[in-house]
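If you're matching positions, the sequence shown starts at -14 in the working numbering and goes up one per residue.
For the record, the hints were derived by calculation from the structure and aren't laboratory data.
Don't take every hint at face value.
Stated by the list, open to error - 27 Å max Cα-Cα, derived DSSO-like pairs, lysine-lysine:
no.	residue 1	residue 2
1	K293	K191
2	K194	K409
3	K254	K80
4	K76	K263
5	K254	K76
6	K293	K(-9)
7	K287	K194
8	K133	K254
9	K133	K43
10	K76	K31
11	K133	K287
12	K347	K(-9)
13	K194	K293
Claimed, not checked - Listed next, with one range per pair, are the computed distances between beta-carbon atoms:
no.	residue 1	residue 2	range
14	T163	T97	45 to 53 Å
15	E134	P193	16 to 24 Å
16	S24	F289	38 to 46 Å
17	K351	R(-7)	42 to 50 Å
18	D29	R406	25 to 33 Å
19	F161	S24	13 to 21 Å
20	K(-6)	G258	20 to 28 Å
21	S(-10)	S25	47 to 55 Å
22	S(-10)	G219	17 to 25 Å
23	G44	K317	25 to 33 Å
24	T97	E134	49 to 57 Å
25	F289	D29	30 to 38 Å
Idealized CB from N, CA, C, for every residue including glycine.
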Amino acid sequence: MNVISKERKSQQFAWAFYDWANSVYSLVITTAIFPIYFSSVLDDFKEVAVFGIPFSDKGILYSYSITASFIIVVLISPILSAVADQIGNKKLFLKIFSWLGAMGCFSLFFFTDYNTLWIGILGSILASVGYWGSLVFYNAYLPEIAEKEQQDQLSARGFIYGYLGSAILLIICLIFITLVDEGLTRYSFILVALWWIGFAQYTFLKLPKSYTKPSKIRSKQILFHSHRELLQVGNQLFQERNLKFYLLAFFLLSVGIQTINYMATIFGKDELGLNTNKLIITILLIQFVAVAGSYIFSRLSKRFGNLKSLTLGLLIWALICLGAFMMHSTDKYVEYEFYALGATVGLVLGGVQALTRSTYSKLLPKTSDNTIYFSFYDIVEKVALILGSFIFAQVLYLTSSMQYSALSLGIFFLLSIILLRQVKMVE
């Protein structure tokens, strides 16, 4: 049994604690409050325009803004990963993206009406780029601060801190909005910014700049070298049989999980006719059950291994999609069916995400720097989300029912299970 030094324990806690700091963006801005606020501010407008570009629906504009942020991250993350490698300082870019994300959240406070719509769009893009960009450098620390046998538990601990922290801040925001004054909704965005950058200071203090030495690549060569290195990494990963099948499985499960994360609130509101209060209850239920789910799956992985635990989680995800397909707004107990579905989502959400991260980390080849590998991992996830959103929208367009869209996502989980069976891993 490996003895962990006091300094390493401190670094591991600081690493996991960053989830406590930044997960408030994912819950309050992405899922719970800002989408509802965005819709209510533009309630009187069916068609909108920003920067002179017309959109037939405000929902389409919001969706495109998030997609734009993913494209930005996909384009810049390999370049910045190469820069971080050159100067030997991942923490610098973790800080930069954290500040960018926090400032994006703060700027949403100034989005108050149609005339300030451009602030809301730019702010949401900046916040999204900051959040997802920071994760590239954050995730790259995992194989450097934890041995393989520690990575499942540490990854799960990060998700647990994230679910708890974001749920606490959401409750604080809801108390102010519902019990004090609904006009205080905008102040939630300031609270998210302060929480994120405030608690992240501990992570910045304890994590080292990097565990790698600066590279010898000249500055003028970085742009060319970064994308060439990313292609080389992709080629290297896909030449290794286990990583090839794992990344394909990860791509497919990400199509399902990330699309469900973004569309669940809309499904409950538009397809099932649930009001805002019931949706918020479901979101909080997911958060707290996810804490237990992350712990349960970390224990399952310890006993049965990562691949078997992931397979179980993906099977449950497929059943969730089937359950959503079978739900109807006319059902007598549709509210409680949605709560039950939310609890099941919580059970597997954190557990599967934590295991996908740690399993990838375990499968990586021994290397002097992990940032470019996690940059590739992040790009795979973003492309999956873009594809998932497109498929969800297309099925909705063809069938006029989100239920068929939800059912179609279940296919991706089943295909992912098939691919995972091709991965051989010593556990």
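query = Is it true that the C-beta distance of K(-6) to G258 lies inside 20 to 28 Å, as the hint says?
reply = Roughly 49 Å apart at Cβ, these two residues miss the hinted range, so it is violated.
inquiry  = Does K409 sit within 27 Å of K194, going by the straight-line distance between their CA atoms?
reply    = violated (34 Å)
message = Against the 27 Å threshold, does the CA-CA distance of K133 and K43 hold or violate the hint?
response = violated (46 Å)
request  = Assess, step by step, whether the Cα of K133 is no farther than 27 Å from the Cα of K287, and give holds or violated.
outcome  = Distance of about 12 Å is within 27 Å: holds.
task = Given the range 47 to 55 Å, decide if the beta-carbon distance of S(-10) to S25 lies inside it.
result = holds (51 Å)
query = Going straight from one Cα to the other, do K194 and K293 come out at no more than 27 Å?
reply = violated (35 Å)
ask   = Honestly, do S(-10) and G219 meet the 17 to 25 Å range at C-beta?
value = Between S(-10) and G219, where Cβ atoms are some 35 Å apart, the hint is violated.
inquiry  = Does the beta carbon distance between T97 and E134 stay inside 49 to 57 Å, or does it fall outside?
reply    = holds (51 Å)
inquiry  = Checking one constraint from the list: CA of K347 to CA of K(-9), max 27 Å. Satisfied?
reply    = Measuring from Cα to Cα gives roughly 23 Å; hence the hint holds.
key: C-beta pair F289, D29: status relative to the range 30 to 38 Å that was hinted   = violated (54 Å)
request  = Sort out whether K191 lies within 27 Å of K293, counting only the CA atoms.
outcome  = violated (34 Å)
message = Holds or violated: the 45 to 53 Å window for the beta-carbon distance between T163 and T97?
response = Violated, at about 20 Å.
The earlier numbered hints that this structure contradicts are 1, 2, 3, 4, 5, 6, 7, 8, 9, 10, 13, 14, 17, 18, 20, 22 and 25.
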